[in-house]
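A.B. asks: Between the sequences and the hints, there should be enough to build the whole structure, so can you do that?
Residue-level listing of the chains:
Number of protein chains: 2
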Amino acid sequence: MSGADPGTEPNEDSAGEPSARRKPVVVVVEPETPGNVGTIARAMKNFGLTDLKLVNPPELREDGEAYGFAGHAREDVLPNADEVTFEEIVENYHTVGTTAITGEDDQSHERFPFKTPAELRASLKTVDAPTAIVFGREGRGLNNEELSQLDEVCSIPADDDYPVLNLGQAATVLLYELRELTVDETQLPDTEVVRAAEPDIERFHEYFGDFLASTGQREHHREKNALLMRRLLGRAHPTEREIHSLLGTFRKATTKLEHADHLAAKYDEPVYPRE
Amino acid sequence: MSGADPGTEPNEDSAGEPSARRKPVVVVVEPETPGNVGTIARAMKNFGLTDLKLVNPPELREDGEAYGFAGHAREDVLPNADEVTFEEIVENYHTVGTTAITGEDDQSHERFPFKTPAELRASLKTVDAPTAIVFGREGRGLNNEELSQLDEVCSIPADDDYPVLNLGQAATVLLYELRELTVDETQLPDTEVVRAAEPDIERFHEYFGDFLASTGQREHHREKNALLMRRLLGRAHPTEREIHSLLGTFRKATTKLEHADHLAAKYDEPVYPRE
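Just so you know, the protein sequences line up as chains A and W, in that order.
The UniProt record's numbering puts the first residue of the first sequence at 1, with every later residue one more than the last.
The UniProt record's numbering puts the first residue of the second sequence at 1, with every later residue one more than the last.
Treat identical chains as interchangeable: a pair holds within one or across any two.
Derived EDC-like pairs (lysine to aspartate or glutamate); straight-line CA-CA distance at most 20 Å:
no.	residue 1	residue 2
1	115	104
2	115	180
3	115	242
4	125	159
It is worth saying that the hints were derived from the structure and are not from the lab.
C.D. replies: Written as structure tokens, this is what we have:
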């Protein structure tokens, strides 16, 4: 840990060891709707965060909307949320204020310059500081006086006709975008390892060439169709199982097609039925 | 337009011209909670989409939660939502099914291979096809029988401990990630143009060098501090106004520091106060 003290317990992982990188805390300033607090808590749990801090929150009843919207975060993130003051956050964290409405240029600095969520992720990756992502009220967001006390500004690019996201949705997008810094392991398997090996794919292309030949296509058609299949698989990144299934299918077809040639020759029949 | 007919009106922009690229439609299969339909409608409007299709939806009352959660999308996306059948969507669109729970490998193909939202964006960028992003029920998502009829699978990477996003939040993340394909113009100004010009930044560094000299620092300290400032500004990408403000500040300081040297010499005083 650096000299800066976030004023709270450092992040620890479930084994009680300090995590390699301090994860951001999420601050919501004067949320009006308990449901949005629940939505934010759920997004935090979905994206690996646990430390929720609330400035002047509404009452969060266990039978109310905050808990109703929180999913499994009702078990930990939400009941462990701290009530704090805005000043405590400013004093103890590197702070990132969020806003849908930015400045247009540097005539004033409350809302400009700003980062997009992707830029924020790239920037936070390079430092290890106790960081707070600060969201404002549903209706009015963070005001200029508040933003002027925060270190950075972040804004989600959205449609110019209607760029104002709902508070819970904005937090979800931002935490999704920061997941690389906060999620240790996702639910998604590593798909790289199951892509078919190149030699298997090449073997498939050989078999597919045999198959094309066995259909009786002329050579220039066969070449075109072989290339078409190469491009198709090249884009699709087939899995090992897909390649082996395809290989089995075409191998069987080729065997039968070649047998048809044999039968046709043996019985002096055409290889394709007469029209 | 290609030969494929999406079976509905092609997307048109507000001027009535066909848009350059067909934007995806959003399909929600058997949503249970009107509020989630409203949240999805709002995310659509935030990220430039308009065409919402619902399979077996609940009643959406104008005084109910769907309209309550939709923000400005209550004016267009929500009232214009179509009721459709799952089969109509399968027949007329390139379909992307969404799920939090993927297969682990290619032992079965209902949920594998899958794309992440970023991979889906990259892939959809390369084609122009009528595309439907299909979301499932709150509780159970899309089932295997439904997914097996859809062309692709997309899953949001989230924390392995709790990867299941709320339906409305999942849709928000996915539509955010696809915004490059769907949002014509964001609310965010182009910040590139307001970064200070390199010659202005270099001029600042010259002035800052003069300032360091005027403080009386020894040369090797000045060099270190000049480089420190160069690195700091290099990372911060200062705006034109910031550079000019800084320049003004240091110019004024330098003037006063040099005057202090003059006064000290004139009156045979030390340039720094005695300890």
